[in-house]
Amino acid sequence: MIGCAPGAGENGTAKGPEARARRERTDIMAIDGRLLTVIEAINTLGICTVVDLHRATGISRPAVHRIVDNLCSFGYVERVDGHSSVRLTSQILALSAGYKPEDRMAEQAMPVLRQLQSRIRWPQTFSTPVADMMVIQATTRHHNPFVFDQGRTGLRLPILSTATGCVYLAHCGAEEREAIIARLQAHHDRVEAFDLTFDEMLTAARDRIAIAAEKGFALRSGGVPERTSTIAVPVIVFGTAVGALCTTFPTTAVPLEEACNRYVPELQAAAASIAALFEK
1 MIGCAPGAGE
11 NGTAKGPEAR
21 ARRERTDIMA
31 IDGRLLTVIE
41 AINTLGICTV
51 VDLHRATGIS
61 RPAVHRIVDN
71 LCSFGYVERV
81 DGHSSVRLTS
91 QILALSAGYK
101 PEDRMAEQAM
111 PVLRQLQSRI
121 RWPQTFSTPV
131 ADMMVIQATT
141 RHHNPFVFDQ
151 GRTGLRLPIL
161 STATGCVYLA
171 HCGAEEREAI
181 IARLQAHHDR
191 VEAFDLTFDE
201 MLTAARDRIA
211 IAAEKGFALR
221 SGGVPERTST
231 IAVPVIVFGT
241 AVGALCTTFP
251 TTAVPLEEAC
261 NRYVPELQAA
271 AASIAALFEK
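Position one of the sequence shown corresponds to residue 1 (the numbering used here), numbered consecutively onward.
Each hint should be verified, as a subset may be incorrect.
[Said to hold, decoys possible] The calculated label-pair distances, taken between Cβ atoms and stated as ranges, are:
hint : residue 1 : residue 2 : range
1    : Glu258    : Glu214    : 16 to 24 Å
2    : Leu277    : Arg66     : 39 to 47 Å
3    : Asp199    : Asn144    : 37 to 45 Å
4    : Pro111    : Lys215    : 21 to 29 Å
5    : His143    : Thr89     : 36 to 44 Å
6    : Leu45     : Arg262    : 51 to 59 Å
7    : Asn70     : Leu45     : 12 to 20 Å
Keep in mind the hints are simulated off the structure, nothing from the lab.
Note that the structure is predicted; figures quoted are calculated from it, not measured.
Backbone N, C-alpha and C fix where the C-beta goes; we use that ideal spot for every residue, glycine too.
Turn these sequences into a full structure, and let the hints guide you.
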């Protein structure tokens, strides 16, 4: 008779603490999956009974009972009609409290960025304004061999000195633009002085904003990161700027005039594709 491996049963299945731990993890994953299935079913059915949930999900009645009891104990479900039926409570909304409009925009933008990268080989980034900064919501940096900086999803960038911030300010409403600048002025008064005074910085920024408004795109060459350039275009939904799309490349790799001629139309087409997803 061929012996089983040490720690294995006659049918080749493992025994002992490690095997039990694996089975427990599998059971937990199965329970998690069923729990979500039950939540989705209650969301679809509205007020319903355990029998309704059993029929809708195919999960056994005892399992549905246990899942409903757990959901009730955590306040996500409540019993009604003499405890024979259940429904979701407002507590279920807390599960989506951390999901922001920017998250949905990032989900929608990422496929467009990947398609754009097939035409422009450099990293593509989609950013939106949050408070007085531009925040990277989606980027292809992790899927691109040409990475020149530490840009990552969630990174906050100054709105006045970046191409994305400049092009956003050029295409957002004047009232919003001045409100952002006023908040930046107030913040600047509370921090150490920069190499330039805020007024000098603002004057230079307004010049770039005016050029971006006229041309429809913003260009940064040099600065941070060094030896790179960035071209950015606005993403405009229903006539309102909601963010900016940009590509960053080595300044020596492509002459700036050629880069603008080649990349701006591609970026604008991609920005229009992102906008169209929210205008349906």
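Taking the hints in turn, this is what the structure says about them:
For Glu258 and Glu214, the Cβ-Cβ distance of about 20 Å falls inside the hinted range of 16 to 24 Å, so the restraint holds. Take Leu277 and Arg66: their Cβ atoms lie about 40 Å apart, and the range 39 to 47 Å holds. Between Asp199 and Asn144 the beta carbon distance is about 38 Å. The supplied range of 37 to 45 Å therefore holds. Pro111 and Lys215 have their C-beta atoms about 27 Å apart, which keeps the hinted 21 to 29 Å range intact.
At roughly 41 Å, the beta carbons of His143 and Thr89 sit within the given window of 36 to 44 Å. With their beta carbons about 54 Å apart, Leu45 and Arg262 fall inside the hinted range of 51 to 59 Å. Range check, Asn70 to Leu45: Cβ separation about 18 Å, and the 12 to 20 Å hint holds.
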